[in-house]
Amino acid sequence: MATPRRRYWAFAYLIAAAVWLTQLHRLYQPSPEDAALLARGQAVALEDAEVRAADSAHVRRVNPEWDLMRRMYLALSFADLALSDVAHRDAHIETLDLVVDDLLAATRDDDPYRFLLPYALTAPWLGGGRSLFLDGEVALVLAARLLVGPRPDLEAPLRRRIDAVVHAMEASPSLSGESYPDEAWTFCNTTALGALRLDDARTGGDHRQLADRWIAHAKAHLVEARTGLLVSRYRYDGTVMEGPEGSSVFMAAHNLLLWDRPFAEEQYARARTLLTFEVLGFGLAREWPLGGSADVDSGPVVPLLGASPGASGMALLGARAFGDDRTAQGLLRSVRFTGAPERRGDGETLRAAGPMGNAVVLHALTQGPLWALAAGRGR
Amino acid sequence: MRYRAWLPPAAVWGAYGVACALGLGGAADVLVGGQAEPVAAAGGLLLLTLRLLSIAVAPILALGALLGYAFAHAPWRKRPTGDD
Numbered sequence: 001m002a003t004p005r006r007r008y009w010a011f012a013y014l015i016a017a018a019v020w021l022t023q024l025h026r027l028y029q030p031s032p033e034d035a036a037l038l039a040r041g042q043a044v045a046l047e048d049a050e051v052r053a054a055d056s057a058h059v060r061r062v063n064p065e066w067d068l069m070r071r072m073y074l075a076l077s078f079a080d081l082a083l084s085d086v087a088h089r090d091a092h093i094e095t096l097d098l099v100v101d102d103l104l105a106a107t108r109d110d111d112p113y114r115f116l117l118p119y120a121l122t123a124p125w126l127g128g129g130r131s132l133f134l135d136g137e138v139a140l141v142l143a144a145r146l147l148v149g150p151r152p153d154l155e156a157p158l159r160r161r162i163d164a165v166v167h168a169m170e171a172s173p174s175l176s177g178e179s180y181p182d183e184a185w186t187f188c189n190t191t192a193l194g195a196l197r198l199d200d201a202r203t204g205g206d207h208r209q210l211a212d213r214w215i216a217h218a219k220a221h222l223v224e225a226r227t228g229l230l231v232s233r234y235r236y237d238g239t240v241m242e243g244p245e246g247s248s249v250f251m252a253a254h255n256l257l258l259w260d261r262p263f264a265e266e267q268y269a270r271a272r273t274l275l276t277f278e279v280l281g282f283g284l285a286r287e288w289p290l291g292g293s294a295d296v297d298s299g300p301v302v303p304l305l306g307a308s309p310g311a312s313g314m315a316l317l318g319a320r321a322f323g324d325d326r327t328a329q330g331l332l333r334s335v336r337f338t339g340a341p342e343r344r345g346d347g348e349t350l351r352a353a354g355p356m357g358n359a360v361v362l363h364a365l366t367q368g369p370l371w372a373l374a375a376g377r378g379r
Numbered sequence: 001m002r003y004r005a006w007l008p009p010a011a012v013w014g015a016y017g018v019a020c021a022l023g024l025g026g027a028a029d030v031l032v033g034g035q036a037e038p039v040a041a042a043g044g045l046l047l048l049t050l051r052l053l054s055i056a057v058a059p060i061l062a063l064g065a066l067l068g069y070a071f072a073h074a075p076w077r078k079r080p081t082g083d084d
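Those protein sequence lines, which keep their order, are chains G and U. Residues in the first sequence are numbered consecutively from 1, following my numbering. Residues in the second sequence are numbered consecutively from 1, following my numbering.
There may be inaccurate statements among the hints.
Stretch by stretch, here's where chain U covers chain G in the computed footprint (C-beta under 8 Å, at least three residues) [said to hold, decoys possible]:
#: 1; segment: 11 to 23
#: 2; segment: 331 to 342
Some chain U residues judged to face chain G by a derived CB distance under 8 Å, without partners named [to be verified]:
#: 3; residue: Ala-11
#: 4; residue: Ala-15
#: 5; residue: Ala-19
#: 6; residue: Ala-21
#: 7; residue: Leu-46
#: 8; residue: Leu-50
#: 9; residue: Arg-51
#: 10; residue: Leu-53
#: 11; residue: Ile-60
#: 12; residue: Leu-67
#: 13; residue: Gly-68
#: 14; residue: Phe-71
#: 15; residue: Pro-75
Chain G side only, calculated, beta carbon under 8 Å to chain U, not exhaustive [to be verified]:
#: 16; residue: Tyr-8
#: 17; residue: Ala-49
#: 18; residue: Val-51
Since the hints were made in silico from the structure, they are not lab data. All C-beta atoms, glycine included, are put in the ideal place defined by N, C-alpha and C.
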């Protein structure tokens, strides 16, 4: 039986825990200035070629895919900012061009292995030897840049990537290009569809039929029965390899907004229900709806909760894209809690999030205008 | 251990946790490090975990110690505990 003295102390710690843990989230309230601060922090880093190279080397040590994905998210962010922040439009385009030029230089030799994990070397390509991961993301970046404003030197590279995307998807039995040999991803294929939509919006082209066929195929073959969510990874012939993942499904829903809003909204709603949750005011997202083990996409998984930084970052993108403010606020509190934000001058960097995390969060905070422009102009 | 012995370290760690929570930088930023990438390096992940624990747990220890001290000396207490 507890002595009175022990009861006093237990009561004291109970009160302390209740007070601190229930109020802690209030110290991490998102601010409307967050996007501008983070954008400034990223712009300053991008202005320095040495920092750009160091950040690139840094993310490559974790995952070479991130070296491409980070550039894509940064490009989309500054394209969105160029459209929304008219007062600083020229500065945002200047930063965007730094990202675009760096990307063109890094992809000039068309070597897909530069951005792929080493297992890409262990199997033969079935669809012509090009990676839709590379073609789709480069096409999206170039299409975004050209939607913001003219740059004639990008027309030919974009046309080449768009043709490669269309050819890869049309030639595939699953209407999906390979990202890795005999391995397609919903993330990459919906990103490629996003590039087509952005390109259509500017050129008047029409890839609606291809997009509709891909979505019909996805609804029939790539939606997991148990969860109703799009799977993440499948073979060239469409055989499912891996079920839904938080680091894929939120991005896929975001991309599908450009072609099929009801389907995209349904995917987001299901993903939010199955993957996101809140603890003491902090929003988190799981990588897997039904459990799994940490991998390079998820990042470290929080024990007991099953939350991962990869899924949480993408959930933030989804929440922002679908106007789910409550979920976005909770996730942003977690970003500020775990990201260790550091102010430098008029910019901010999330020191613990690394270059990739900063790019994803910035895109989540800035996304909107580009998609709205493309969806509004599309057929 | 008598509470007076661990009240000071709890208070210091708690103050550090509160400083981290308030984003007062300094020690917190030094701990996290300029290029800390939780996914990339086990060291970065460990430091980040320590920082988060400092924010989430240390203030509870400090506040609990202060409250416990206050309770121990509250005028409504009938029996001395022998702690003081």
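Verification of the supplied hints:
1. 11 to 23: This one holds; 9 residues, not fewer than the three required, reach chain U with a Cβ under 8 Å.
2. 331 to 342: holds (count 5)
3. Ala-11: violated, 12 Å
4. Ala-15: Constraint on Ala-15/U not satisfied, violated at 13 Å.
5. Ala-19: violated, 11 Å
6. Ala-21: holds, 5 Å
7. Leu-46: Check failed: Cβ of Leu-46/U comes no nearer than 11 Å to chain G, outside 8 Å.
8. Leu-50: violated, 12 Å
9. Arg-51: Since chain G brings a Cβ to about 7 Å from Arg-51/U, closer than 8 Å, the hint holds.
10. Leu-53: For Leu-53/U, the interface hint is violated, since the closest Cβ of chain G sits about 12 Å away, which is over 8 Å.
11. Ile-60: Result: holds, 5 Å to nearest chain G Cβ.
12. Leu-67: For Leu-67/U, the interface hint holds, since the closest Cβ of chain G sits about 4 Å away, which is under 8 Å.
13. Gly-68: Status holds, d = 4 Å.
14. Phe-71: Holds: closest Cβ of chain G sits about 4 Å from Phe-71/U, inside 8 Å.
15. Pro-75: violated, 14 Å
16. Tyr-8: Holds, because the Cβ-Cβ distance from Tyr-8/G to chain U comes to roughly 4 Å (cut-off 8 Å).
17. Ala-49: violated, 17 Å
18. Val-51: violated, 11 Å
The structure is inconsistent with the numbered hints 3, 4, 5, 7, 8, 10, 15, 17, 18, although it conforms to all the rest.
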